[in-house]
Amino acid sequence: MDHPENLGCLCCASSGPERLRTMAPAWRRCLFALILLSMLIGFLIPVANLAADEMRFPAPNFTSGYKLPETTIPEPTSEARQWIDVGVLLATLSLASWLAIKKRTRKGIFALMVFSLLYFGFYKQGCVCPIGSIQNVTLSLFNSNYAVPITVLLFFILPLAFALFFGRVFCSSVCALGAIQDLVILKPITLPRKLTIGLSMIPYAYLGVAILFAATNTGFVICRYDPFIGFFRLDGNAPYLYLGAGFLLSGIFIARPYCRFFCPYGVLLGWMSQFARWHLTITPTECVNCRLCEKSCPFDYVEKPNLGLARENRAVGTQRLGYLFCVLPLVIILGGWVGHRLSVPMSRYNHSVMLAENLLMEKSNPDLKPSLETTTFRTQGTPEAKLMAEAQLVRSRMNAGGWLLGGLLGLVFGVKLIGVSVSRTQKDYEVDKTHCFSCARCCPYCPSDAIHKGNFVPGNPAYDAALTVAKQEGTTPEAVAKGKRA
Amino acid sequence: MATGKGKIDMNEEKTGQWQRRGFLGGALVAAGAAAGWVMTRLLPPPTPASGNAAKLDDRFVYDISEFEETAANLLLFEPAGEFATGVDQAKRLVFWSGQGIVVSGEKSMVIFSAEGARLKEWPLEAPTHCILPLGKESILVGYSDRYVILDGSGREQFKSPNLGRRTYLTSVAAHEDRLFFADAGNREVLICDRKSGDVLERFGKKDADRGNPGFNIPSPYFAIGIPPDGRLRVANTGLLRVETYTLDGRFVSSWGEPGMKIDRFCGCCNPAYFTLTPAGDFITSEKGLARINVYGADGKFKGAVAGPNGLVTDKELAKRACTDCTVGAGFDVTLADNGDVLTLDPYRKIVRRFHPKTVS
Amino acid sequence: MPAPGSKINTLNRFEFIRQGLGRVAAFGLGVVGGVTAFGARKKNTVWQIDPMKCTQCGHCATACVVTPSAVKCVQSYPICGYCRLCFGYFQPNAPELTSAAENQLCPTGAIERKFVEDPYWEYNIKEDLCIGCSKCVKACEMFGNASFYLQVRHDRCVNCNDCSIARQCPSDAWVRLPASEAYLLKHMLHPATQLKMELPQWTTPKT
Chain S
1 MDHPENLGCL CCASSGPERL RTMAPAWRRC LFALILLSML IGFLIPVANL
51 AADEMRFPAP NFTSGYKLPE TTIPEPTSEA RQWIDVGVLL ATLSLASWLA
101 IKKRTRKGIF ALMVFSLLYF GFYKQGCVCP IGSIQNVTLS LFNSNYAVPI
151 TVLLFFILPL AFALFFGRVF CSSVCALGAI QDLVILKPIT LPRKLTIGLS
201 MIPYAYLGVA ILFAATNTGF VICRYDPFIG FFRLDGNAPY LYLGAGFLLS
251 GIFIARPYCR FFCPYGVLLG WMSQFARWHL TITPTECVNC RLCEKSCPFD
301 YVEKPNLGLA RENRAVGTQR LGYLFCVLPL VIILGGWVGH RLSVPMSRYN
351 HSVMLAENLL MEKSNPDLKP SLETTTFRTQ GTPEAKLMAE AQLVRSRMNA
401 GGWLLGGLLG LVFGVKLIGV SVSRTQKDYE VDKTHCFSCA RCCPYCPSDA
451 IHKGNFVPGN PAYDAALTVA KQEGTTPEAV AKGKRA
Chain Y
1 MATGKGKIDM NEEKTGQWQR RGFLGGALVA AGAAAGWVMT RLLPPPTPAS
51 GNAAKLDDRF VYDISEFEET AANLLLFEPA GEFATGVDQA KRLVFWSGQG
101 IVVSGEKSMV IFSAEGARLK EWPLEAPTHC ILPLGKESIL VGYSDRYVIL
151 DGSGREQFKS PNLGRRTYLT SVAAHEDRLF FADAGNREVL ICDRKSGDVL
201 ERFGKKDADR GNPGFNIPSP YFAIGIPPDG RLRVANTGLL RVETYTLDGR
251 FVSSWGEPGM KIDRFCGCCN PAYFTLTPAG DFITSEKGLA RINVYGADGK
301 FKGAVAGPNG LVTDKELAKR ACTDCTVGAG FDVTLADNGD VLTLDPYRKI
351 VRRFHPKTVS
Chain H
1 MPAPGSKINT LNRFEFIRQG LGRVAAFGLG VVGGVTAFGA RKKNTVWQID
51 PMKCTQCGHC ATACVVTPSA VKCVQSYPIC GYCRLCFGYF QPNAPELTSA
101 AENQLCPTGA IERKFVEDPY WEYNIKEDLC IGCSKCVKAC EMFGNASFYL
151 QVRHDRCVNC NDCSIARQCP SDAWVRLPAS EAYLLKHMLH PATQLKMELP
201 QWTTPKT
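Protein chains in written order, with the working numbering: chain S, 1 to 486; chain Y, 1 to 360; chain H, 1 to 207.
Chain S with its partners taken away, still in its complex shape:
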């Protein structure tokens, strides 16, 4: 029962391979499995024998030479096709890295992005994507009944590995969800910093909940609330299509809202990307602080230099930091407590917990009309104690997970506060390596490329930007490009 190989063994006594909700430590699980198995066997054998009698009956005695037709079994996507997808992923990631870091071409990135949208989005129709694969990996780590297919694992690992070396090139032009949002960025606005910091907590929470739900076998929330999958399939349930439409509409003004404020995979990518060895840079050479790239990023991930600006008194900063460090444990504990409080409602998303609660409710209130779920449960005759034990287990895991998740979120929040309150010296215009999607929008705005190649002429984006500034300031575009500004 514990071996994935047993998947093939399909007699009743060992079926239900992966929706088994037993997640106790190994020895407890074994014992549990043994008891369960013996109960199952005890119950099933008579039925099986009875059934054997029923089923042993030969087909009608056809005299006309009639041959029994075969039940057709259309094959699922073949293994080879899955590997082709891994290959395409690898190729697009490599190409994206090359385009972002070597070629620094927005056009190239854009073309690749359109290809990815068509291939991974509309052709492959979304599953399994690296974002959702977080849950498969989590489930396989927490539930020995589930083993993640190697291709899915590669879908999870490859973008992260690329992020560790080249930044979030996956976001730039491989992710179909990012691509569909990127296409609708028409009038990007700058959000208040406070708001973006607040909103950027959501992905952490989302990631935490996704992991918690996957680990307790409660469900795959990321996939369930994927806003764009309905578009890719040109089919789907209405609420999710509305959700997707909402994201796309708001995405006209708030660039890539899902990527920035929801995507749980983005958190992992960010962790990797900030250490990226080779990351997309705004300027290929040396930044002259011409400020032309300042407005080029629709996501506000261009960080401005602070060299030479008035800075706060050191003592004040230290004092504030001291305060923050004092508050940090409090924030962590509070977060943990909130997580703990939420664990009960969260656990209701788990099938076993919900079923157990409904059963208890129906017991205490005989007037309630039995639900389909409880009726089915009683018909199947699984011992109620088993369900209750399972529900308890999920509850306790959710509780532990709630403390942990809440605490971690508190920590992240605290660290974010500390991060923004500590100002570091920055000389140049740089991308925010953690968050930058490597979309290369800023690259054409850096005049050094154009000057170097000798095409700092009208029509070039950097030239045009410089010209606008030059007109305002009464100087020449060339001067602007050299950073000689008022």
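These are computed hints drawn from the structure, not numbers from a lab. Don't take each hint at face value.
As the list claims (entries may be wrong) - When the alpha-carbon atoms are kept at most 25 Å apart in a straight line, the in silico SDA-like pairs for lysine to any residue are as follows:
| hint | chain 1 | residue 1 | chain 2 | residue 2 |
| --- | --- | --- | --- | --- |
| 1 | Y | Lys-300 | Y | Lys-349 |
| 2 | H | Lys-53 | Y | Glu-316 |
| 3 | Y | Lys-55 | S | Leu-234 |
| 4 | Y | Lys-205 | Y | Arg-165 |
| 5 | Y | Lys-302 | Y | Lys-349 |
| 6 | Y | Lys-315 | S | Ile-252 |
| 7 | Y | Lys-349 | S | Glu-384 |
| 8 | S | Lys-416 | Y | Ala-31 |
| 9 | S | Lys-295 | S | Tyr-323 |
| 10 | Y | Lys-315 | S | Leu-387 |
It should be emphasised that the depicted structure is a prediction, and the values quoted were computed from it without experimental measurement.
Position chains Y and H against the provided structure of chain S, taking the given hints into account.
Leaving out everything else, chains Y and H in the frame of chain S:
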């Protein structure tokens, strides 16, 4: 929370502001905590209503509830008690005049008194497929492909030879020196010599000369009986009718219509069981839509002993008992010498008694 | 906790921490990858319904993200009784046993009835019309040999990572199977393993 501007512009004068911000931050956290607590209170409690799945409209729902209720005026019998048998996989039930009520299971045969007291238990070598009392001191027990005759103390008097390949006996009737077995495996009636157990003749294949339509037996329910008129009655269950044959296997007539209405046979392979009254009336037991009805010797519907809702008292249990088998085992039926109808509930492992209603 | 001010030191310390953390991240990625790869199955998985657990609740018709559902009724010919009065095909109170629409149970007319020889009829599922409501499955299980049952058809299933039917299944009947064994065919998996041995008998009926 410092803003980007704050990062750059901040200077000494803003210290006070920062203290205020620290306070605000703390307040925010507290507010978040409070919100969390409120959320746990406000989130709706789970409702027992079925999930969030859209409901199929009625066209897509299989509903036969109208056939599960039996009109009171059709019920000729009323429940008159029950007793637990304790026999696992009880399949057959027969009233053995002078001995008691016989329930046979997987490996044994148990005889109960009319009140349900366990009188005797005899071990058997195989699952019982059919039983037929041959007198007060003799009973025939049919296994899958052979039979034995036991005496009143359970001793084996006679052991038949194997009755043939793929034989799967389901029912037996006796007439003079002949035994008639319903063989669902070959879809034939075997005529055996009572003394030797040899198969003398078999019939049941489609046979234009004798007018035989052929037995269509999709599942192992194939009942047989001989009423006082001395003609064989065979339940051709696939065709949902009871057929009359001469003792040498010539088709005479048939009765029974397919349908769900109470006076018809419905489902696969019905009537699954029947027993005959001394007057030649049929007491039929149907599986699927479980019901026990009374038909006259001519096949005219007379009334019901019990309907689906009266028989299947624990639907969940019945459903569970055959979650993975294809068809319910059905309720075997027999007639006691006082005119009561006895039926075997294999799910609840009980025998139920139905007493004729007194005509008012 | 780096303090602003001593620029060069801060930078170095930051760089040091940064590199260290970078290695930690790489290592972490390796660990997660390694641990999961260790347990990884080579085969991909697909969703399927265990017909022995299915209770025909009807969710398969409504919950699927594909319209109409990728779950269809299939016919297991070796189990089918080829009945003239097929309860999966005819309305409970069908006026007569003909293929006229008013006699048919299937709301979408997805079952085809073909005469084989007296008294046998073959029943086939027209998958383009079947929406997987399991009405016929329920009827066949109740009154027949239960040769109709639901299966995920993999030419239609998009294999969602989080199958929305599986999520709502009250019977716990949904399983992930290796893609190479993508179906749970009833006549192949019956708990009575004897059935497998009996199979030749089915396929070459005695005449």
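Against the structure, the hints come out as follows:
Between the alpha carbons of Lys-300 of chain Y and Lys-349 of chain Y the distance comes to roughly 32 Å, so the proposed pair goes past 25 Å and is violated. As the CA atoms of Lys-53 of chain H and Glu-316 of chain Y are separated by approximately 14 Å, the hinted pair is consistent with the 25 Å bound. For the proposed pair Lys-55 of chain Y and Leu-234 of chain S, the alpha carbon gap of about 23 Å is at most 25 Å, so the pair holds. With a CA separation close to 16 Å, the supplied pair Lys-205 of chain Y and Arg-165 of chain Y stays within the 25 Å bound.
Distance hint between Lys-302 of chain Y and Lys-349 of chain Y is unfulfilled; the C-alpha atoms sit about 29 Å from each other, more than 25 Å. Pair hint Lys-315 of chain Y plus Ile-252 of chain S does not hold up; C-alpha atoms about 57 Å apart against a cutoff of 25 Å. Between the alpha carbons of Lys-349 of chain Y and Glu-384 of chain S the distance comes to roughly 22 Å, so the proposed pair stays at or under 25 Å and holds. Taking the CA atoms of Lys-416 of chain S and Ala-31 of chain Y, the gap is near 18 Å; set against the 25 Å cutoff, the hint holds.
Between Lys-295 of chain S and Tyr-323 of chain S, the direct Cα distance comes to roughly 35 Å. Violation of the 25 Å bound is thereby established for this hinted pair. Proposed proximity of Lys-315 of chain Y and Leu-387 of chain S is supported: the alpha carbons are some 21 Å apart, at most 25 Å.
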